[in-house]
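Based on the sequences and whatever the hints tell you, model everything.
So the protein sequences, as listed, match chains A and B. In this text, residue positions in the first sequence follow this note's numbering: the first is 521, and each later residue adds one. In this text, residue positions in the second sequence follow this note's numbering: the first is 173, and each later residue adds one.
Do not rely on the hints blindly, as some may be mistaken.
Here are the simulated DSS-like cross-link-like pairs (lysine-lysine), alpha carbons at most 30 Å apart as the crow flies [unchecked claim]: (1) A:Lys-649 to B:Lys-453; (2) A:Lys-682 to B:Lys-242; (3) A:Lys-871 to A:Lys-794.
Residues of chain B clear of chain A, computed beta-carbon distances all greater than 12 Å [claimed, not checked]: (4) Lys-236; (5) Ala-265; (6) Val-288; (7) Arg-374; (8) Glu-527.
Rather than coming from a laboratory, the hints here were simulated on the basis of the structure. Virtual Cβ for every residue (Gly too), placed ideally from N, Cα, C.
The residues making up each chain are set out below.
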Amino acid sequence: MLISLNWLRDYLDLPPQLDPRALAERFTRVTAEVDGVHPIEVQARGLIAARVARLSPIDARTNSVTLDVGGGKTVETVSIAADLHPGTQVVFAPIGSHVAALGDIRTAKVAGRTSSGLILPGEALGIEKAFQEAIFLGSEFKPGDLLPADLFDDVIIEVDNKSITHRPDLWGHYGVAREVAAIVRTALKPFPVVPVAELGKNGQSQIPIDIADASACHRYSGLLLEGVPTQPAPLWMQLRLGHVGQRPISGLVDLTNYIMLDLGQPMHAFDAAKVDRIEVDWAKEGEKFATLDGVTRTLASNELMIKCRGKSVALAGVMGGLETEVTESTTSLLLESANFDPATVRRTAKKLGLRSEASARFEKSLDPAHTVLGIQRFIHLARSMYPRLKITSRLSDAYPSPHRPVTVAVKTRHVARALGRPMGADEARRLLQPLGYEVTEDAASWTVHVPSFRATGDCSIEDDIIEELARCSGYDAIAAAMPHVTVRHFPPNPTHRLEHGALQYFTTAHPFCEVFDYIWYDSNWLRQLGIEPGECLELINLAAEGMHRLRKSLMPGMFSALAKNRFHFPSVALVEVGSVFKHRRPDDQEFRHLGLILADHRKRTEDALLQRLKDAITGWTCQQFGCSAVFAEIKPDPGRLWEHPQRTAGVVIQGIDSGRMSVVDVALRRRIDEHLGSWSVAWAELRLSALEELVRRPEPLASLPPHPLVEMDFSILVPKTTRFAELAGHLRELQTPLLRQVRYITSYEGESIGRDRRSLTFRFVLGHEERTLGDSDIASFQDLVVSFVRGRGYELRTG
Amino acid sequence: MDLHQLRERIAQIESEVAASLTKAGSGDAVRGLDNRVLGKEGSLSALITSIKEYPPDQRGQVGKLVNEAKARVKASFEARLAELRAADAQAEASAAGAFDATLPGVAAPMGAVHPVTAVQWEVERLFERLGFTLEAGPEMESEYNNFEALNIPASHPARDMQDTFWLTNGMVLRTHTSPVQHRSMKKFGPPLRVIAPGRCFRYETIDASHENTFHQIEGLLIDRDIGLPHLIALAKMLLTEVMQREVELRVRPGYFPFVEPGLEIDMNCRICGGKGCPTCKNSGWVEVLPAGMVHPNVLRAGSIDPDEWSGFAFGLGLTRLAMMKYGIRDIRVLNSGDLRATVSPVRLGGPIVWEKSA
Ligand SMILES: [Zn+2]
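Following this line, the structure appears as structure tokens:
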């Protein structure tokens, strides 16, 4: 919402030297956020009114124009402005005049002709919307009249629309002036209107108004007028409209727009020859209707229409109809000033893509009192502009269920609680009265009468009044203080504890760097990788083309992060904790996953990387759950291209299937990034959600053995095809009373033991409760191991 | 062997020892020699064992000769050891001339959490110290939790304001962390102190200062007699701690249907020092803390009586706060996965010797 300071000055006395930025800052702190303060400095000097005398086209856009500049003089100029006709008056910058945008006006050669002065385009006068268009003048000026320079300059305060969605009163200058008056503690002047009584005494006729559904149309006021203005609106009005972002169009449209920006009440004019009664009713399903913009639209039965004798003439609150538009041949107007249900207008405007300044206002829940007030204001302004305009009917005003005045009971205890200090009724009155509230007091409470222009918006309960008191007395004035609270025990949140622990561990005990990716797949990326994601939970409205599927795995996104980093680092370690989504009927589910990537620029280090991942995961499970992870042989999922056909493992934690890990094969590496073809990439994805209920096992400490333990390492040579789990299973069968524990130490592969073999080293811990072990105990255990290993078809590695 | 021969033998051993000793370049060599000469089976010690071969009147003489020789040899060993130790010390001292006290340490490869996580943890620790509990909520939320329970009915214009990602199953991607307010009220009841970090989603166009995916941390405190002074005090403390500086606050009205009064709490922009920059939309103030007193309808939806209890809530923009704290100018780098932009250069590669100042 753009606010003109000149406009505000109509309604309150502001010091001439007022700093608009300081005012904007106070407005931000008390009322609503100001996005910017934009001075309009036209610096006009010597601009005059000029009448087009003759036109001769130079080319399709350009005219040579002879202008009557008064005193019987004419000048020749060249103009590209549209809609110039003999007899029209324009804003003209003669030789020697000045505007900031163009500097001093001199004679110029345009299209091979001498142009003496310039028909000023809108943008040179701060009317951005009238770009390269002439500004037309009515009969308020005669050719040669000097245009008052002070009309052109203004300061525009841009209020953030989002911060006033709950304030219908701030969608017009008068409402803003009321706030400003309260802020700067000055009086608000009365709104200049004709008395309502004047609208009741004009002839006998009255437009019949029939509202079918009072919940959709709260009020409809109408008036018939004759002597349709054909003249442009006065220059001051066009400038004000232009400065706040409206393009001047015609006298009548400008006038209704002005009232909309003045009071916040949108109005519409029908050609009264075509609309002589009003029915507000729902559209027929599938009905076709041509709107003012020339588009024929198909309507649904929940679209509210203005009809005349059963025929639609306007989309209520959204746009008028083409057929009943006011044209040059219109002699008589039906003026509409109505109040529609916000949700209905919003739905239609949104659905048809017709959001306008008018519909935006109806959506805010306007004050029904403004329908008649708007007409009173229209007549007040129109009379001074167009003396020929005549009211030809009595005011019609359908208001089926008038809004009841809103009063709010406010407990002084609650005011004191919110503000942190007691407040008296006098202070409350001093703060609230300038905003239109009335306050009466009781022993422990007040009754606050809410003005109608606030009652439809945000003001209906005690807390709303407390907000008014807080902001108007100033948030800066509130003395900060720590609260007195009740100490209470809360059980720890498992999700949080798990994620925090995991991130903490992987980024400090290991060099993983955390990355964030979007929670939706990028289809282009999946296509590049050759990944077919299968059925996913999908978005209705997507961030961008191809980003409709919610991710089922963190890995595709993490591969993209890998591709971004591979150029800058010789090795990359990434971790991400995020949500993934499973599309499962009837209930889609969200899970938290942890993703890890280890990548190295050297080829064929996959197994080492996988081992490092296992080491890291095991370190984490020891720390977080007090147990080691177990790695299981699983079948790779062919739908997950990033699972290597031979090198995929399952991760099991406390018996729970907790995730998978693998290495990325060369084909997929190349598709991620051509250069990754010569890298090694390993990954793991853990299902944190599955681990939430896992309790951290207490880790009891061992008591010192009464007699020394003996540790013996044995390396067992096995064929490469033999799995650790298989061998470990065998070792669990090795039971003698002396054996306390078997630990895995390391594995080795190398030429010295033969290409097809692997050596796995285990540490055997022996001990006895009652005595120290002797040489014979050790020798016999050694024999036992030897025969045990041989018995399983393996061999002990020696030396 | 007579005494004369003994004397000659001793002299011979002594001269051999002297020759070997000059060649012995280490303590171990000296000790080996010691063993060979003075040890149980050593060449000098062996002479004593032959004492019985002498007539009794000469035996005293023999013992004296051998023992004196042993003492001399022992002394020469000690002297040589001392020489060698001195030489070692001198060698070590002269080698230390190359010692460089200023050579830097190189850290082992280091990981890092995302800057947003880092700030999140700071805020969490701070509030944990104040007795808040940490809660979490899902990113896929029901329409009810995201809107209705927060006093945002279907027809409310705020539903447009917070342009929402809708899912085909009728759920939404939460537009704020505020649904956790409702979840916590239902879970715990009053009095309540909760902090809930998480990712949020808004259907909007991405540019240098707007993201459709960002982090917030929700705060909620409900107790008896809670008011605006408490909210402002906590906001001030929160921002001062996180930014590690004395922050200036600007408290102004803000409109959020789930709070009344609703506030926007801004802090002074450090990126431009208040002169105006894209981060602060040229205002010198950065919107970081939308907040307010919990709306009575929200309390009621959480089965809490607004006459008895009152509270405040805030939705701290973690993403924006991280940008302010770490001087990140373009919000897009945060979800880009580009470590150069999200990990401190100190953690990537060796110690920085020189860098062009910003
Ligand atoms: Zn700034």
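Verification of the hints:
no., hint, in the structure
1, A:Lys-649 to B:Lys-453, "holds (24 Å)"
2, A:Lys-682 to B:Lys-242, "violated (105 Å)"
3, A:Lys-871 to A:Lys-794, "holds (28 Å)"
4, Lys-236, "holds (50 Å)"
5, Ala-265, "holds (39 Å)"
6, Val-288, "violated (7 Å)"
7, Arg-374, "violated (10 Å)"
8, Glu-527, "holds (16 Å)"
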